[in-house]
Each structure stands twice: as C-alpha cells, then as structure tokens.
Amino acid sequence: MKGIILLSGLLAFTGVTYAETAEEKGLAIAVEADKRDTGWRDQATTMKMILRNSQGAESTREIRGKTLEVKGDGDKSLTIFDTPRDVKGTAFLSFTHALKSDEQWLYLPALKRVKRISSSNKSGPFMGSEFAYEDISSQEVEKYKYKYIKDDKINGRDTFVIEQYPQYKKSGYTRMVAWVDKEMYQPLKIEFYDRKKSLLKTLTQHDYKQYLNKYWRPGRLEMVNHQTGKSTTLLWQSYKFKNGFRKRDFDKNSLKRAR
Amino acid sequence: MNKLPTIVFLAFVSTMTSSLVYSNEWSGNIALETRLFNKEGVPPAEYQQYGSVSIQPEWYHEWDSGKQSFTFVPFARWDQRDDERTHSDIRELSWLRVFAESELRIGVRKVFWGVTESQHLVDIINQTDLVENTDGEDKLGQPMINYAFINDWGTVDLFVLPYFRERTFPGVNSRLRTEPYVDTSNPVYESNDKEKHIDYAVRWAHSIGDWDIGLSYFDGTSRDPSFILGLDSSGNPAFRPAYYQLQQVGLDLQATREAWLWKLELVNRDINSENYNASTFGFEYSFYGVFDSASDIGLIMEYLYDDRDQAATTPFQDDLMLGLRWASNDENDTSLLFGVISDLDDSSRLYSVEASRRIGESWKLNIEARIFSGIDDTTHPLYSVRQDDFIQLELGYYF
Chain R
0 MKGIILLSGL LAFTGVTYAE TAEEKGLAIA VEADKRDTGW RDQATTMKMI LRNSQGAEST
60 REIRGKTLEV KGDGDKSLTI FDTPRDVKGT AFLSFTHALK SDEQWLYLPA LKRVKRISSS
120 NKSGPFMGSE FAYEDISSQE VEKYKYKYIK DDKINGRDTF VIEQYPQYKK SGYTRMVAWV
180 DKEMYQPLKI EFYDRKKSLL KTLTQHDYKQ YLNKYWRPGR LEMVNHQTGK STTLLWQSYK
240 FKNGFRKRDF DKNSLKRAR
Chain C
0 MNKLPTIVFL AFVSTMTSSL VYSNEWSGNI ALETRLFNKE GVPPAEYQQY GSVSIQPEWY
60 HEWDSGKQSF TFVPFARWDQ RDDERTHSDI RELSWLRVFA ESELRIGVRK VFWGVTESQH
120 LVDIINQTDL VENTDGEDKL GQPMINYAFI NDWGTVDLFV LPYFRERTFP GVNSRLRTEP
180 YVDTSNPVYE SNDKEKHIDY AVRWAHSIGD WDIGLSYFDG TSRDPSFILG LDSSGNPAFR
240 PAYYQLQQVG LDLQATREAW LWKLELVNRD INSENYNAST FGFEYSFYGV FDSASDIGLI
300 MEYLYDDRDQ AATTPFQDDL MLGLRWASND ENDTSLLFGV ISDLDDSSRL YSVEASRRIG
360 ESWKLNIEAR IFSGIDDTTH PLYSVRQDDF IQLELGYYF
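Chains R and C are the protein sequences, given in the same order.
Residue 9 in numbering that gives the first Met the number 0 sits at position 10 of the first sequence, with consecutive numbering throughout.
Residue 167 in numbering that gives the first Met the number 0 sits at position 168 of the second sequence, with consecutive numbering throughout.
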C-alpha cells in the first residue's frame, strides 16, 4: 500500500514539471489495458449472435470459439459454427498479427476442403452481422494510434474517452471513440466512424464479470448500425479459462476435425 | 452362447458413453430436387423433367475428452425416373484417434486435396459420384487407414486404401450420359486384384507465411477410367470402364497476397505405358465491400492444360476458365458463382451457374445450371451431352 501511495505521489509531482500530451495519455491507457489483459493464456467461449434487420426480423447464430494468447503477437483462434444448420461444422482458423496481414483458413465440411482465404476483408461483415472481422479480431496496442480526449461518466461509471486511429491496412474506419472504464480498463462503449468520417456504428458492452480474479469479460455486446438501422446482439454464454490449449490445437489438422 | 459378444459390446458402449463431450449427436439434411432440361433427350431418356429426393444424416459421437470420435454419414437418393441416380452410399463411417503429434483414422472417409476451382487434378483419394452431379464435386466414401504425422515442418499423411470404388455413371435411362451408355456391371481392371488392389498415397502439406503447399504421391488404381466399346448383357452397344494402374505425383500451391490468391496444381501421371503432365493455374482477386455495400465480388481466371493435347481423355486440355463470384454477406448468405470454361482450340464452351440462399433458419435453396455450347466435333468428350443443358433447383431442410 505504501509503495503505491508513494508512487502516485511521485507521479503527481512529476506531472507538475512534465506535461503528458493527449497522445501519450491515450497510448498509456491502451498500454495499461493491454497489460491488465495479458497472461490469461487461453479461453473457450460459447456465443449466440442475434441479427436484426431494419424491420426488426431476427435470425440467430450459435458459435463456439477457442483462443490461444500469443505474447508479442496477435492471438490464434478457432471459431466453429453450430447454427444455422446449413453451415454447421464450418470452422475458421485465424492467426492474427498487429500490423502484418492475418493468416486465415476456412474449413468447408461438405467438401472436406480447407481454403486459405484473404484477410483483406477486415471491414467485411462477420457471418452477416453488424460486427466486422476487425471488430472481433485480437486487439493489439500497435494496431492503433491513440489520443486522450476527456473524462466522462457512463451509467454512473468513470471512464476515459480516447480516440483510436487504425494503423493496419484495409480498415473500414477512420476513427473510433472508446469510453474506457477506469476501474476495469475495458471499453463500455465504442463509436465507429467510416471512411467518410461519418458515424457508422455504436457498440456497447454490458454485464462485465471478472474471471481468474483478474480478467474482465462482457456478457453482452450490442452493435447498432446507424446508417442501415440493422443491429446485432452478441451474447457470451460461457467463458472457460485454463483449458491447456497448445499451438497444435490451432493448426489445419485441428481445423479439419473441429467440433 | 451369445453372452460373450454381448458383454464385450456392452463394455464397448460403456467406455464410449463415459466422460463424453459430444455424444450421440445427429444432424444432416433432406432435400427435394428437380432437374429441368430445355431439349428432349435421346430415347429412352427423353424426359425433360426429373424429380428426386435425397437424405444425408450424420451421427457423431465423441469420447476420451475429444481424443476419440466416431462419425457415420449414410447417403441415399431416390429419382423419379432414373434408376442409376437412385442410389445410396456410405459417405463416412470412421473412427478417429488424436495423439499429441499425430492422428489415426480408420474407416470410410472423404479427403480433399488442392486449391483450384475449375477442376481438381491433385485430388485423388475419393472416387467421383458422377450421377450426383456432373461437376465432379460429389465423391463416394473411400475405405482407408490414414495416419497423419504432425511436425513443425509440415504434416505428413500416409494412406492405405484397401478397396477401390468404381465411378458411378448415368444409365441408359439417364440424361447427361455418353452415347452409347456406360455399362458399370462389367468393368475392366489392369490389376488382377481388380477392386481389391491395395492403393497407397502419401502427402506432405505445410503453410509457410503467405504460402500453402502440398506435395503428394499416389500409387494405385486410377479413379478416372478409360472406355472400351463393347456390348452389354442384352447385346446393346455399351462402354466398359477400364481402370488402369496409375502413379501420380501432385503439387498444389497457393500464395495469398492481400486480395490476390495465386493458385497452381500440377500432376505428372504414369498410366497405361504413357507419361504425361496436366496443370491448372490462375488467380482469384476479390473486391470487398463493392458499391458501398457489404457484398464482395471475386474474379477467377484459371488455365487448364493437359500435354496429351487432343488425345486427352479430359475435355480440358487447353482451356480457359473465367469466373465471377458474388457474396452478399447478408443474413441469408446469398451467393452466386458464374463460370465459363472455353476451349482455346475450338468453339466449345461450358457455362455454369451456382446460386444459393438460406430461407429462415433451417432451409436452403440451391440453384445450378449448366449449358454445353458450341460442341460440334463428334470426337469431343462432351459431344453426347450437347443436348443436355439443364437447370437444377434444390430445396434442402437442415437439422
């Protein structure tokens, strides 16, 4: 306790002589968020996606995911589709990278075919939803430049408002504005601005829970597209950590027998 | 007297049902299909409308924390008029054992090798179920023992294939058949072991950065028969399929560079005292989010080559395939694939359209059309189907 008090006192003192720029403060928040979300090693999740068109008609997707944390690079993930039934057994393997192109393979169970696919469609919709591939891929500090804007309150919680500018190629966004919870260092809300700089989508993240006494994960995501009136709800039905996954669980062999 | 097998069976069932993850899982589909031909066929296959129903259930059972699993996929189709198309097959009946750095599979399975879209030269493990579809994408289940060694330098798959499956062919009452028809009741084999000849295959596959590479070797009965003109049991003219012994070396390669997919398949085949090369190579380029929408458009171009030239048994010896793929990326996965394969030596063209769309949560509509155009040469491998342009509508229920 003493050490922390001393340290914060020191920071307050240095703050007088050294003015942190908005960019430095934005980056520092992203680095802290990344640091706090490091070391979970692997996770297995089950999700339900509810797609709504502008008339409110719904369709659902059930998905399972496995992720392996890769230190110093993007994570490896395997996604398996359970419904709709005609795509059951389709599986998606992704090696994400901060600035290099991701490596992606798709398994088509009817043909028993593994297809290497282009990762250039970062701005394309994931499973027909309002989530783009870039929204669901692993978040690395190097993927964006940052700028701290202000402090704000959302639903009574203190947040930092920071702007993020994608640095990877083929992003559909010029800018994202994130409301980062000061206690969890997780976003409560993100606004996405398209290539024409107009507001495209708003994401809100709800029902956060802490796992392994450290890692915060949301239970529900709501993505609303302001330009089309469509929306998608993403419900996380379970998170399981410490599965003991290895690199071998994320290769083309495991993709072919993914269930 | 029968007690021992019962006990063994019960013991087997109890080990299978203990600590299971995905147990006793059924899925699959039932589909209604109709094929409409725009011209009358050669009697007795003169009908212009054919209806059929197919079913393909799948039973999957997993135990031993997912290290072992069992899959059973039977398939059956009943056709209103076509006796040969009324057929059934075991697509899959196999057991899988996953080890730390290897995988063992025993049973009937389907395996796909390759990268190109217009034809699949390297892909050799499974026989084509030609009565299902003319495009050669449907395959018969192949009995095998397959051991995969998984290394940092790639995966090596070894295959022992103890039983040969004959190709299915449209019968005398079928559209899309040769003239005369292929009499499958009396095939010719080069090997004295006939369909019991044991075939072997090995494949190394690896991904290195942007490159996906596969190198394969096959030694066994060719899946692709030659034909001998003769008579059937009723004394009518018929082709007899002749299955020769084949040694094939195959290479498949794909480079994935941003929106470009560069593809190559190359085979060297040694068959019936002839040695030849065949290849398919080209690219697919995708435009993402076209016209301010979520849709993607892909352009495909592939060159199809066979160095036997006009003596080739395939229609694709010096041909160019141009394709257009459209994916709406909407909630119904609406998609369309248009392709044309043009022979660069004559006027023959093969047009193909495939479209699909999900309806609700469990139904799917598939539309396929094929047009055989400009086939005037009587020696052309597709000459006998030049009147068989068709459109096929299929409505499937998935469970």
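Take these hints with a grain of salt, some might be off.
[As the list claims (entries may be wrong)] 27 angstroms max Cα-Cα, derived DSSO-like pairs, lysine-lysine: (1) Lys-188/R <-> Lys-146/R; (2) Lys-66/C <-> Lys-255/R; (3) Lys-24/R <-> Lys-168/R; (4) Lys-66/C <-> Lys-114/R; (5) Lys-144/R <-> Lys-188/R; (6) Lys-99/R <-> Lys-168/R; (7) Lys-38/C <-> Lys-111/R; (8) Lys-47/R <-> Lys-195/R; (9) Lys-213/R <-> Lys-34/R; (10) Lys-241/R <-> Lys-47/R; (11) Lys-87/R <-> Lys-66/C; (12) Lys-239/R <-> Lys-66/C; (13) Lys-251/R <-> Lys-114/R; (14) Lys-246/R <-> Lys-195/C; (15) Lys-70/R <-> Lys-24/R; (16) Lys-66/C <-> Lys-251/R; (17) Lys-251/R <-> Lys-168/R; (18) Lys-66/C <-> Lys-241/R; (19) Lys-188/R <-> Lys-24/R; (20) Lys-255/R <-> Lys-87/R; (21) Lys-111/R <-> Lys-195/C; (22) Lys-188/R <-> Lys-87/R; (23) Lys-87/R <-> Lys-152/R; (24) Lys-34/R <-> Lys-255/R; (25) Lys-99/R <-> Lys-34/R; (26) Lys-213/R <-> Lys-70/R; (27) Lys-239/R <-> Lys-181/R.
[To be verified] Listed next, the stretches of chain C that the computed footprint assigns to chain R, with coverage defined by at least 3 CB atoms under 8 angstroms from CB atoms of chain R: (28) 58-67; (29) 98-106; (30) 145-155; (31) 308-318; (32) 329-338; (33) 371-380; (34) 391-398.
What the hints contain is simulated information worked out from the structure, not anything from laboratory work.
Just so you know, even glycine gets a beta-carbon here, dropped at the ideal spot from N, CA and C.
### Task
Could you check the structure against the hints above and give me the numbers of any it violates, in ascending order?
7, 8, 14, 22, 23, 24, 31 and 33
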